[in-house]
Amino acid sequence: KQEVTQIPAALSVPEGENLVLNCSFTDSAIYNLQWFRQDPGKGLTSLLLIQSSQREQTSGRLNASLDKSSGRSTLYIAASQPGDSATYLCAVPGAGSYQLTFGKGTKLSVIP
Amino acid sequence: GAVVSQHPSRVICKSGTSVKIECRSLDFQATTMFWYRQFPKKSLMLMATSNEGSKATYEQGVEKDKFLINHASLTLSTLTVTSAHPEDSSFYICSALSGRAVNEQFFGPGTRLTVL
Chain A
1065 KQEVTQIPAA LSVPEGENLV LNCSFTDSAI YNLQWFRQDP GKGLTSLLLI QSSQREQTSG
1125 RLNASLDKSS GRSTLYIAAS QPGDSATYLC AVPGAGSYQL TFGKGTKLSV IP
Chain B
8 GAVVSQHPSR VICKSGTSVK IECRSLDFQA TTMFWYRQFP KKSLMLMATS NEGSKATYEQ
68 GVEKDKFLIN HASLTLSTLT VTSAHPEDSS FYICSALSGR AVNEQFFGPG TRLTVL
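Line order of the protein sequences matches chains A and B.
Under the working numbering, the first residue of the first sequence is numbered 1065, with each subsequent residue one higher.
Under the working numbering, the first residue of the second sequence is numbered 8, with each subsequent residue one higher.
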């Protein structure tokens, strides 16, 4: 059974800092990995999706990497802003399935 | 593109009543949608997979007679919480499989259900 772990559970940084969020998964037989953002009381916003054949994806100040063999992904946020404060979730689909398994998320606080 | 809506965004009901939540893909067709439940400060828990034109597939421990799912069209899935109890109070989120090559899921904004 796939398990997804996110470290750290919470992170507080001053505005302007670069930061890295970590995600690990136990079953490397995935065909993609998604990073999401969730604001309090809201749904999920898809940030980046990396296919298993890719090593990284970039969108603006966000860069996600994937090392499938080691079961790890990182989300790099450059020049953090207070508006980046949210919970960040990574998720992978199960083998032969579209159902996503989520990590518990990293709650990010960017201090002005 | 790839917008998913949910209605209502918030609902309060009395114990014993039924509540229907709608999930719509606004600008794409979704043969597969998913329903999740999220408890405070917890991650999402998959409840069921909704397939257009066929019966939903429920995860272990989820009562299919309590959480009725109907995927009547390629853009609409509904979740009905029947005979609601206070322990059903939660945040319910749906997602839709985009059908694009990357098989990306897009999520709705969620529905906050409070059962009194």
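Don't read these hints as lab results, they were simulated from the structure.
A couple of the hints might just be wrong.
To be verified - The following residues of chain B were derived to be distant from chain A, with all beta-carbon distances above 10 Å:
(1) C20
(2) K21
(3) V26
(4) T39
(5) K49
(6) V69
(7) L75
(8) T82
(9) T87
(10) H92
(11) S102
(12) E111
(13) R119
What the hints assert, rightly or not - 30 Å max Cα-Cα, derived BS3-like pairs, lysine-lysine:
(14) K1132(A) / K71(B)
(15) K27(B) / K1132(A)
(16) K1171(A) / K21(B)
(17) K1132(A) / K73(B)
(18) K21(B) / K1106(A)
(19) K1168(A) / K27(B)
(20) K1132(A) / K48(B)
(21) K21(B) / K71(B)
(22) K1065(A) / K48(B)
(23) K73(B) / K1106(A)
(24) K21(B) / K1065(A)
(25) K73(B) / K1065(A)
(26) K49(B) / K1065(A)
(27) K71(B) / K1065(A)
(28) K27(B) / K71(B)
(29) K62(B) / K1132(A)
(30) K62(B) / K1106(A)
(31) K62(B) / K1065(A)
(32) K48(B) / K1171(A)
(33) K49(B) / K1171(A)
(34) K1171(A) / K62(B)
(35) K1168(A) / K49(B)
(36) K21(B) / K1132(A)
All residues carry an ideal CB built from backbone N, CA and C; glycine is no exception.
Of all the hints numbered above, which does this structure not satisfy? Sort the numbers upward. 4, 5, 11, 12, 13, 14, 15, 16, 17, 24, 29, 34, 36
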